[in-house]
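Chemist: Given next are the chains, with one letter for each unit.
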Amino acid sequence: METTPNQLFEMWRKQVEESAQVWTRLLSPERPAATPPDPTVFWRPVLDQGLQTWAKLFAQTPATPELLAQWKQFLDQWIEAWSKILGQTMGTEQFAKLMGQSFDQFLAALGPLRKAAEQQTEQALQALGLPSRSQVTAVAKQIVELEERLERLEDRIDAVLRRFDGKEPK
Amino acid sequence: MGAETIREWQEELDKNVRRLRNLQTLVTRPVEPRVGQTPREEIYKTNKSRLYRYASSRRYRTPVLFVPNLGISRPYIFDLLPGGSFIEHMTREGFDFYLLDWGVFGPEDNDLTVEHCVTKILPRMAQKVLQSSDARELSVLGYCMGAPMSASFIATHPEVPVKNYIDLAGPVDFSKVGVFGLWLKKEYFNVDRVVDTLGSIPADLVKAGFKLVKPTMDLSTSLNLWWNLWNDNYVEGFQALNRWANEYVAFPGEFFRQWVRDFYQENKLYRGELVMGGRPVRLENITCPVYVVGAKEDYIAPPACVRALIDLVGSRDKEYVELPGGHISLIAGRGAARHCWPKVSGWLARH
Numbered sequence: 001m002e003t004t005p006n007q008l009f010e011m012w013r014k015q016v017e018e019s020a021q022v023w024t025r026l027l028s029p030e031r032p033a034a035t036p037p038d039p040t041v042f043w044r045p046v047l048d049q050g051l052q053t054w055a056k057l058f059a060q061t062p063a064t065p066e067l068l069a070q071w072k073q074f075l076d077q078w079i080e081a082w083s084k085i086l087g088q089t090m091g092t093e094q095f096a097k098l099m100g101q102s103f104d105q106f107l108a109a110l111g112p113l114r115k116a117a118e119q120q121t122e123q124a125l126q127a128l129g130l131p132s133r134s135q136v137t138a139v140a141k142q143i144v145e146l147e148e149r150l151e152r153l154e155d156r157i158d159a160v161l162r163r164f165d166g167k168e169p170k
Numbered sequence: 001m002g003a004e005t006i007r008e009w010q011e012e013l014d015k016n017v018r019r020l021r022n023l024q025t026l027v028t029r030p031v032e033p034r035v036g037q038t039p040r041e042e043i044y045k046t047n048k049s050r051l052y053r054y055a056s057s058r059r060y061r062t063p064v065l066f067v068p069n070l071g072i073s074r075p076y077i078f079d080l081l082p083g084g085s086f087i088e089h090m091t092r093e094g095f096d097f098y099l100l101d102w103g104v105f106g107p108e109d110n111d112l113t114v115e116h117c118v119t120k121i122l123p124r125m126a127q128k129v130l131q132s133s134d135a136r137e138l139s140v141l142g143y144c145m146g147a148p149m150s151a152s153f154i155a156t157h158p159e160v161p162v163k164n165y166i167d168l169a170g171p172v173d174f175s176k177v178g179v180f181g182l183w184l185k186k187e188y189f190n191v192d193r194v195v196d197t198l199g200s201i202p203a204d205l206v207k208a209g210f211k212l213v214k215p216t217m218d219l220s221t222s223l224n225l226w227w228n229l230w231n232d233n234y235v236e237g238f239q240a241l242n243r244w245a246n247e248y249v250a251f252p253g254e255f256f257r258q259w260v261r262d263f264y265q266e267n268k269l270y271r272g273e274l275v276m277g278g279r280p281v282r283l284e285n286i287t288c289p290v291y292v293v294g295a296k297e298d299y300i301a302p303p304a305c306v307r308a309l310i311d312l313v314g315s316r317d318k319e320y321v322e323l324p325g326g327h328i329s330l331i332a333g334r335g336a337a338r339h340c341w342p343k344v345s346g347w348l349a350r351h
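Protein sequence lines, in the order shown, are assigned to chains E and G.
Note that the numbering used here numbers the first sequence so that position 82 is 82, with each residue one more than the last.
Note that the numbering used here numbers the second sequence so that position 318 is 318, with each residue one more than the last.
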């Protein structure tokens, strides 16, 4: 049985639709009592497909460990097909736009919270007479800059020494 | 059931016993894999960055400076385990091999830029390589984002005697850079807002981005682990690779801003509009022999964006090869040992 990404995509779409219906019915305050919802229904096509393939393999092949290798191969192909579908979905402008918007919203919410938390922590540390994160970072930055200045000095001394050694034209 | 089938089932049962034994060890007594075992010496350090020299017979006098990516991941992937190490291969072939480990940057390094790396750190590293090896020239090997950075360095520093340049899976034309290029588009990704809000790009955010680009990766890794769990060598390799694959490294804020804006969003390197240290970055200024290697299944730096370098450099001696594998498997793992490493060392040996 050959399963193309399109078939899998269709199956996935169907699962999403069915699961949405199931959850809507579950969460609905006026649930019809006659037909109790089954939240597992949307996984059935996938399980059915797997079981069918597995049953076919059993029917066609003698029961040897080779069957396990075939099962592994089937899972590999299944994952690969899903990977392709997800890759195609995530490679669209719509997905990029949606992701960008979500991330922007996250940053817009995080920004003020982060700032407020930093200010409060800073004040608390100051009250306790302890150095704050920004003060420690500033000291570390100064050390980095100092190291950079030393490097520059070292470079100049090296250049002068090379000239003395005659390795470099004046 | 024939005798052969019974024997096969017995073997399978045996494998399952070993699987369970290794699973128990992994869960109850996990061992820290010993990575980066090739003997090396620290030649130079500046801030968080280190330059390492690896022991070799020095059959070839021209030293090789290896420039990997900054941020994202640690460079021990290139020297993962004995028998599965790119660095071990290069030293065994007799190359005087130097690795630039950019290091793990903290909030104090948020002002570090791509420009500083290209115009300050890389020239110093090249100079230290020449001094340490007492050579007149060096070869530069750039991997991933280390390739456009080292190409920018070579193009803006004609006074540095670069004999050969190799680009391994390094993007150059960022208009063809695939899914990351799409996600980081100016219209969708406000890099200024990200850097201004977060300061640096935390390792967890880098991890989320890479996990999202291949969401089934963890599933297939787990499946393959279970399948090969009976094999002690596989488990040892898995532990080392798994440690690396889950050790993400943050980006300094300003570095990320310049990297995304100038390279991904405005494609300045390819368009010849990049200026670093007051010097325009013109890739046609690279005139040494150039070897460009793309990976067929690379979704981080697809072959088309890597290959673009060939048309831009001013070299007469230039070659592009496309090898099997993805962004990582191009240079690490069994496939790399078969396809990539001999090509790279062979090309360098001929030049």
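What the hints contain is simulated information worked out from the structure, not anything from laboratory work.
Among these hints, one or two may not hold up.
Where chain E lies over chain G, by a calculated footprint (3+ residues, C-beta under 8 angstroms) [stated by the list, open to error]:
1. 7-19
2. 99-112
3. 181-188
4. 192-203
5. 208-214
6. 220-227
For glycine and all other residues, C-beta sits at the position ideal for the given N, C-alpha and C.
Chemist: Now, for every hint given, state plainly whether the structure supports it.
Modeler: Hints, verified against the model:
no., hint, result
1, 7-19, "holds (count 4)"
2, 99-112, "holds (count 5)"
3, 181-188, "holds (count 5)"
4, 192-203, "holds (count 4)"
5, 208-214, "holds (count 3)"
6, 220-227, "holds (count 3)"
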